[in-house]
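**Q** Each chain, written out:
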Amino acid sequence: MIPLSYYLVLSGILFACGVLGFLIKRNIITIFMSIELMLNGVNLSFVAFAAHWHALSGQVFVFFVMVVAAAEAAVGLAIIIAVYRTRETLNVDQVNLLKL
Amino acid sequence: MLTLALFLFFGAVCVAGAVNLLVQSHPINSALSLIVVMASLAAEYLLLGAEFVAAVQVIVYAGAIMVLFLITIMLLNAGKEERTKGSRVATLLGVPGVVIGGVLVAWTLIHRSDMGNVAIGALPGDPKAIARLLFHEFLLPFEVTSVLILIAIMGAVVLASRPEAIARPHPGVPATQEERKLVAVGKGRS
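First to last, the sequence lines map onto chains Y and X. Residue numbering for the first sequence is 1 to 100, as defined by my numbering. Residue numbering for the second sequence is 1 to 190, as defined by my numbering.
Derived by calculation from the structure, the hints in this document are not laboratory data. All clues given are correct.
Derived EDC-like pairs: lysine to aspartate or glutamate, alpha-carbon spacing no greater than 20 Å straight-line:
(1) X/80 - Y/88
(2) X/85 - Y/93
(3) Y/99 - Y/88
Bear in mind the structure is a predicted one, so any value in this text is a computation, not a measurement.
Isolated chain Y (complex conformation) (with noise of 0.2 Å):
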């Protein structure tokens, strides 16, 4: 018997870091990869929450993440592919011009 808490504070944590990822780091792919950490936070509050409440819908939402942060991750790669092109950095505070 695990108490519910402990999986929400990890969940927290992981969300914690995935913020703190977001602000700190300065490689695009990084700060993409911290956004990965935050869903997957998210992830196992659902699954937590869903053997807690004994509704199933709750791992039904997981793949629903899961499929958007997969949409997310292929339209978010191929923009930084497109930013490297162009402007041939990965540094986020170089990509600070809508136009070239």
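On the provided structure of chain Y, position chain X as indicated by the hints.
**A** Same frame as chain Y, now just chain X:
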């Protein structure tokens, strides 16, 4: 008791991977520690009885999505990230803010003792039950996500393809010698 020990072990591995993602400066190391986070999260899902979610977590997240990340890192030959003034300001403001917020959330959650416990395997998430739910009650969202994936595929292909591969509004030869050279190396205007 054993389940609590397993939870604490995999939770510690998870948090260690997440922290390692933050402190590593090379994107490849960050991606590999993110794989560690996802694998240990799959173990946590198994502890909760969500077997199918755990399998999908390993296959889709740790497999497909992370391979996409690693291929992009290798394709762009991403090196160490350089620290700048903006990153120092973000560190000074962001770290205390996130730590305070996280401690507040954790303190609130731990002191709410009426939330109850979760038994191991409390809700067996076998594929049959999930499929019944997914294809009956959530049929419309399921179909909408297929449209989303189709749009994502088209977007990724259009964005990542070389500019001259996309149909341009004004077809014709590049105007200047300089532009012709840029088009030849794939950096010309679309």
